[in-house]
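Novice: Residues per chain are reported as follows:
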Amino acid sequence: MKKRLLALALCAMMLLVGSVALAAQENPNVGLGIFPGTTEPGTIYVDAATQDIMDPIKQSYSNEFSINRHIWDCLVKLSVDDNSIVPAAAESWESSEDGMTWTFHLRPGMKWVDSTGAVIGDVTANDFVFAWSELLNPANACSYANYGEVFKNGKAYYDYASGVEGAPEVTLDQVGFHAVDDLTLVCELENYLPYFLQYVKFEVMAPIYEPFYTEVGADNYGTTPENLAFNGAFYMTEYVLEDHVTVVRNPEWWDADNVEVQKIVFKKFTDSNAKLNAFLGGEMDVIDLADGTQRATVRAYGYDTPSYAGGYSFFFWSNCDPNSGRDISNVNLRKAISAAIDRTELVNTVYKNDNLPSPSIAFGINGLTNPNGSFGDAVLAANNGEPLYSATSEPEKAQEYLAAALEELGKTADQIDITIMVSEGTTNELVAQVVQEQIRKTLGIEMKAEILTQAEWRARRKAHDFDICHGGWGPDYNDPMTDMDLFETGGGNNHCAYSNPEYDELLAKARVELDTATREQLFVQMEQIVARDAVVIPTFWQYVDYAVSEKIAGGYNRFPFQDLNFIYAKLAD
Amino acid sequence: MARYIIKRIVYAMLTLFVLISLVFFMMRLLPGDPFVGDKALPEATMANLNAKYGLDKPLIIQYFTYMGNCLRGDLGISLTYNRPVMDIVAESFAVSADLGIRAIIFALIAGILLGAVAALQRGKALDSFSMFIAMIGVSVPSFILGALLQYFLALQLRMVFKINWFPVQGWGTFAHTLLPAFALGLGSLATVSRLMRTSMLDVLGQDYIKTAKAKGLSQRKILWRHALRNSIMPVVTVMGPTVASVMTGTFVIESIFSVPGLGKYFVTSIKNLDYTMIGGTTIFYGALLIACTLAVDLLYGLIDPRVKLEE
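These protein sequence lines map, in sequence, to chains A and B. Just so we're aligned: 509 in our numbering is position 294 of the first sequence, and the numbers increase by one with no gaps anywhere. Just so we're aligned: 687 in our numbering is position 275 of the second sequence, and the numbers increase by one with no gaps anywhere.
By construction, these hints were calculated from the structure, which means they are not laboratory data. Every residue, glycine too, gets a C-beta built ideally from N, C-alpha and C. Wrong hints could be hidden among the right ones.
[What the hints assert, rightly or not] Chain B stretches covered by chain A per the calculated footprint, using a threshold of three residues with CB under 8 Å from any CB of chain A:
no., segment
1, 434 to 445
2, 489 to 500
3, 672 to 685
[Unchecked claim] One side of the interface only, derived from the structure: several residues of chain B facing chain A at Cβ under 7 Å:
no., residue
4, 448
5, 453
6, 454
7, 457
8, 460
9, 461
10, 567
11, 570
12, 581
13, 667
Could you build the full structure based on these sequences and the hints that come with them?
Specialist: Written out as structure tokens, the structure reads:
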């Protein structure tokens with residue numbers, strides 16, 4: 216009898232432990248008691264590295280967008296569960312058969328609140344029309360003004376208003392966004408855009424309450440919390456430049472009942488050690504870890520640190536311009552370098568984390584035919600499951616390419632002239648050193664390195680005044696186009712100066728193709744061409760390590776396009 | 413006296429004028445473009461950005477516009493933060509000055525005390541001790557000191573001993589000011605105490621001290637009325653530039669302790685090529701430095717009537 220009781224008790228205990236584990240699934244550390252987090256009840260402290268501008272239409276950094284999505288509701292947003300498009304300010308929408316006209320139906324009863332949480336007005340369709348008009352207002356000089364150019368006549372209006380020479384007159388009311396009534400918004404597109412919803416979810420497309428904006432003035436909007444109006448899950452109460460932004464739960468928000476967090480402090484650190492110390496000392500709840508060493512420090516306590524993919528793909532931009540007279544413009548030389556690089560060693564030496572040697576370029580993008588998978592999987596499948604770029608060095612292949620290159624260039628290996636243009640910083644310099652060594656070892660080529668300030672590095676890259684330089688590319692929206700239009704002839708971000716009519720034609724086709732499967736294959740072909748011509752020399756897909764205190768039990772997720780979203784975060788106890 | 417002050421102020425204005433001109437042209441020589449970010453902007457947007465900040469006009473026109481605005485106290489709009497430079501400087505300087513004043517008070521009181529005690533106890537244990545402190549203060553850079561203080565006194569104390577005396581970082585309460593003020597002030601403390609010791613030793617050997625002793629004045633009166641007051645001059649001299657540099661904040665201490673002060677803007681504005689912010693911080697710092705030096709000159713006259721300001 217006693218034994219049976221004991222067994223029952225044991226079973227009960229196991230069940231209990233099991234259910235606790237299940238409930239805490241999202242944050243494996245909950246209950247460990249190692250890093251319980253900050254002490255203020257209901258409040259979480261989150262690391263957000265850039266918070267320069269709080270006027271939504273003028274923002275341009277991902278951390279600014281992070282804060283943005285907590286305080287404003289766009290028409291649609293990304294689900295915190297699976298990163299798919301879900302309703303936000305619009306409760307439903309439909310598009311015309313040709314996909315050129317979209318009608319959004321706004322949720323009735325939404326309110327604007329100020330920095331004290333007081334209601335100051337109703338959210339209407341005009342708030343979106345007004346915000347997008349301001350986005351296209353040249354006087355505001357918005358970095359993401361081109362997002363307003365997806366609407367019919369958007370670009371024509373912007374060019375005309377900007378005084379571009381020869382631009383025909385276009386008035387604002389001819390631009391393709393109109394409020395039919397308070398709750399109905401109609402958008403007409405300039406070009407077919409299968410991922411249009413990815414645009415209206417973008418944070419710079421947040422609404423602005425016109426009477427408030429006019430009252431404070433365009434230049435003052437966003438300089439202080441008092442100069443902002445909010446329609447999101449939280450409203451801002453504090454904004455100390457270069458230090459922190461505090462947002463408080465907005466009880467007026469349409470889904471406020473499901474918001475548990477009372478207050479979020481987005482804190483900026485300039486010193487990454489200070490940030491880690493703040494987390495270890497219980498003054499932060501969520502921080503990004505700077506490198507593998509920091510990750511090891513936290514893990515040494517027996518604490519689990521996850522990593523997430525923000526969609527950043529890293530590679531060496533290489534100068535493909537045949538008229539540049541540079542050795543690197545030789546395709547075989549680029550292929551030799553790409554084959555010689557040991558991507559695994561690079562990650563293990565420099566980053567010491569989960570960064571993945573790039574199998575292809577586009578990263579963090581959902582598949583088109585299989586939205587649950589990634590576009591990278593489609594590229595892999597088309598290549599018989601083989602990555603387009605090897606994870607480790609392929610010395611024999613590299614030598615073959617090199618021999619071909621040397622013959623074409625009429626040079627010997629020691630005459631090859633390649634300079635790595637490096638943006639200053641320990642990690643960047645280390646990457647250059649590792650690659651220099653790998654190329655020296657495998658190809659016998661001595662690459663030089665030139666270290667520049669970030670500003671000069673960017674200017675030189677834009678001017679195509681370099682051989683190769685290492686940088687990352689993050690997607691703007693969830694469609695392979697965001698990566699693949701990089702290499703379009705004359706494109707603003709085509710730092711490689713790559714030009715290939717065959718590639719441009721595929722892009723043009725992909726822009727008008729209605730069939731999803733065909734579109735996907737077009738992008739796959741582009742990936743293959745980029746690999747064939749070694750337009751860039753890929754290195755890794757970035758995984759960012761982060762640490763979450765035990766205070767946050769779950770309900771948050773980190774995805775590409777929404778690295779921070781704590782609206783539905785669940786707090787422990 | 414009045415003529416002297418006016419002359420000094422005119423000189424100060426001239427210095428400031430040269431400083432602004434130099435900074436204006438030198439920052440424009442920096443390679444790069446403030447609006448070339450990680451992602452390319454359409455030509456029309458670049459043009460709008462340049463127009464918004466007046467960067468589309470010829471450089472010399474920009475210079476005169478900038479000078480004119482400076483005269484009216486307008487330092488322009490920050491290219492990075494899209495808000496008036498004056499507002500940013502005013503907001504963050506309030507924090508830096510708060511921290512700086514605490515550091516200076518600490519450095520002055522402790523430094524003078526240590527220096528004086530060392531001089532009085534010359535060659536004894538207290539002398540060695542205070543000079544040891546001074547040596548540490550001079551030789552350990554503030555960023556190492558700051559990091560050590562943060563790690564041991566804030567973090568380890570908390571993690572190992574569960575003692576919550578010092579916050580790891582941040583700003584807002586008295587406790588937040590302790591470690592950064594100490595780290596910021598220790599260097600100045602060292603300078604002050606060493607100067608004080610040397611000067612005090614010098615003064616103690618003077619004839620008027622012997623006279624005072626011979627007159628039968630008490631030791632305390634000799635010290636307070638004669639020795640301390642006369643030996644404090646060199647300390648006052650170094651205080652001018654020290655006050656200016658400590659009050660405008662230091663990049664390192666502020667970034668270690670995450671204090672929202674002015675210090676970081678000196679560095680980040682250059683990194684971002686934020687022209688108006690580079691100009692604003694430099695002019696502000698320059699003006700403060702000049703003002704502090706002037707204040708020290710005037711203070712001489714108060715402390716030591718023998719100094720004639722007309723010369």
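Novice: List, from low to high, the hint numbers that the structure doesn't satisfy.
Specialist: none
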